[in-house]
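Novice: Protein chains in written order, with the numbering used here: chain C, 31 to 133; chain L, 376 to 1020.
Everything labelled a hint here was simulated from the structure, so no lab data went into it. Since the structure is predicted, the reported quantities are computational estimates derived from the model, not experimental observations. No residue lacks a Cβ here, since even glycine has one placed at the ideal position from N, Cα and C. You may find that some hints are simply not true.
The calculated lysine to aspartate or glutamate pairs, modelled on DMTMM-like cross-linking and capped at a C-alpha distance of 20 Å, are [claimed, not checked]:
1. K958/L <-> D941/L
2. K812/L <-> E913/L
3. K991/L <-> E126/C
4. K991/L <-> E66/C
5. K56/C <-> E126/C
6. K538/L <-> D735/L
From chain C, some residues computed to sit far from chain L (all C-beta separations above 12 Å) [stated by the list, open to error]:
7. M39
8. T54
9. A58
10. A72
11. V93
12. A95
13. A102
14. A107
15. V130
Next come the chains, spelled out residue by residue.
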Amino acid sequence: MIPLNYYIMLSAVLFCIGVYGILTRKSAILVLMSIEIVLNSANINFIAFSAYGLGQTQPQGQVFALISIALAAAEAAVGLAIYFVLYRTHRTINVEEVNVLKW
Amino acid sequence: MVIEYSWLIPLLPLISFVVIAAVGKKTREQGGYIAVSFVGASFILSVLTVLEVMARSAAHLPPYETSTGWIVFQNFSLEMGILVDPLSALMLIVVSFVGLLVVVYSLGYMHGDAGLRRYFAEISLFIGVMLGLVLANNYLQVYMFWELVGLCSYLLIGFWYQKPSAASAAKKAFIVTRVGDIMFLVGIIILFTQFHTFNFVQLFEHAEGANTGVLTLATLLIFGGAVGKSAQFPLHVWLPDAMEGPTTVSALIHAATMVKAGVYLVARSYPLFHFAPDALLTVAVIGGITAILAASMGLVANDIKRVLAYSTISQLGYMMLALGVGAYTGAMFHLMNHAFFKALLFLCAGSVIHTVGTNDMREMGGLGKVMKITSITMLLGALSISGIPPFSGFWSKDEILAATYEHNLGLFVLAAITAFFTAFYMFRLWFMTFSGKYRGRGQPQHLHESPKVMTVPLMILASLAVVSGFAIFTGFSGFIFFGESHGGVEINYVVMPLSILIAVSGILLARAVYYKGSPAPEVFVATRARKALHRMLERKYWMDDLYIGFAEKVFYGFSLALDWFDKKVIDGVVNGVASATVKLSGAADWFDIYVIDGVVNGISRVTVAAGQTLRKVQTGLVQQYATVMLIGICALLILLGVLGW
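With the rest of the complex left out, here is chain C:
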């Protein structure tokens, strides 16, 4: 039996990797992928607490993870669609070049 702490640590590491990716990647696709990593780190937390938390198995955590995955899929679809539009209008998906959102 793997202790709960391991899961939490994995989750924390994945979260930090994801956040790093979000903040540093230039390609929008990679930013999106980093977001997915962050989401998945959260899902690991849900599952882990569902199995170990409060002394007994809690089904809610698993259900929440499933919803989260479905949401992540939807979010990825929307995000990719935005990138298509972004590419059509700016001919780039480099987030540093898309800086029109200012004053």
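Since chain C is already given, all that's left is putting chain L on it; use the hints.
Specialist: Just chain L now, with coordinates in the frame of chain C:
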């Protein structure tokens, strides 16, 4: 139970008013027949109501009263209601009957007039509101109808408004009676603040034991209203001028509607007056003064309608006098008889004017031969008003004289002299009009008797003028009385022969002067003193001149003073204020430019500078924003950990 439908009595003429106003042009006589039928229906209903009131009165049942909330407030409500007691019943029958006859007569008299539709609409309204007035069960409602009566009189006196004299007479009537109306309004407001009700029955219950001072004030104010409407001294000046209207209107105003409203009001308020003896004395004195003043002015008037107008004022004075001395029954009896014989006299005068085409008696004469019906009916009316037995005027006048004799000898002397004057001027009128030779322009051949539609009402009224006095023998005093009914007829053996003697001597003097011509009428202006007296009467005691002089001199002088005040003081203040305002504005302008604008511009400059600095934060780079957010979250978490929130 007809009495439950008595609210229809005033409503029918009002409906007639609306119908004639709407479609009168398309009907025969432009609505005349509509007016006749509606007023006739109202009359029939009145008769049935009166019969029922008589039955109730005989059975000692309380008067019929019904009312409904009109404006309901939390702590009090104003009501609309109907009160049918013997007094209202008497007025109902008088008003609707005289009204009906006048409307019928108008079909002939007004035939071919351009404003016929307006005439019949307004006269229906007049009759309707008068009927409403006598049926009202509270002062507020009476006041509303009171004002409407005033309005109708204005409209009808000024019926021929193209004539400047008619227009100004209408205005005069309206403005003079307005003085009284305001007093009446103040009076009922005092009553309301004191007793918290307008309702007659409730007020009369409160009257006993109420503060006499307040009651006297209120009743005097109410009497003030009656003075205006009933043309009592000193507000009598409007009535002679009111002759500018059609003669039928004069008949209606004098016999049934307008001026009787004042007498009715005092009679209606009698339970209040009863507890205010000073007010009653005032009523008696004003009545007595009015009676003799008006009668003396009637002695010299040459306009046939004006003579009758003065006679009306004088007879109204009689009624007020009777009310003042406590002869309640006598006053109402005289009111009824007067309604019949005065309507008759006016309609006769109308018939004469219709034929001769002038109001001036000096251009009449000798009409008795051609206008047999008119002259005979008018003779009956004149005998009645002069107080010759057994005509109606005798009985009521005798009641009043007897009561005055017992009450106050000074007033009795006034009343007796008035009776002499009355007999004299009525027969002066009759002889000047119907006897001797025709003095008018043109040939007497074109003179003719009036059409049937006019003479039939005359004959009906004449027969009533003869017989209505006998009502006193058939229970009139048991029907209308205040306090205790004194029953049947009491004969005062001093007063009755005296009054007959006075009346006969008045008639004989008129006959000697205006029929036989010995002495000739010039005897009245033979000496300087007589001339001066004659002139004083002709000028109506300078009352009109006094009012006009008052208006012209006093008000004009006052206006000049006000003008000066306006120009020097008010304008000075206004101009001063204006220039001060300009100076203040200059200061405000400076303040505005340098202080307010300075502050505003300063704020805007600071804002712009701050914006210039802060805009640099907005890079538009999403990842930078996310970094800042992350740093923020971390900082919060660290704070949470360190401070242990």
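Novice: Next step is simple, just say for each hint if it's right about the structure.
Specialist: Checked hints:
no.: 1; hint: K958/L <-> D941/L; verdict: 24 Å, violated
no.: 2; hint: K812/L <-> E913/L; verdict: 25 Å, violated
no.: 3; hint: K991/L <-> E126/C; verdict: 16 Å, holds
no.: 4; hint: K991/L <-> E66/C; verdict: 32 Å, violated
no.: 5; hint: K56/C <-> E126/C; verdict: 7 Å, holds
no.: 6; hint: K538/L <-> D735/L; verdict: 18 Å, holds
no.: 7; hint: M39; verdict: 17 Å, holds
no.: 8; hint: T54; verdict: 7 Å, violated
no.: 9; hint: A58; verdict: 9 Å, violated
no.: 10; hint: A72; verdict: 15 Å, holds
no.: 11; hint: V93; verdict: 27 Å, holds
no.: 12; hint: A95; verdict: 23 Å, holds
no.: 13; hint: A102; verdict: 18 Å, holds
no.: 14; hint: A107; verdict: 20 Å, holds
no.: 15; hint: V130; verdict: 6 Å, violated
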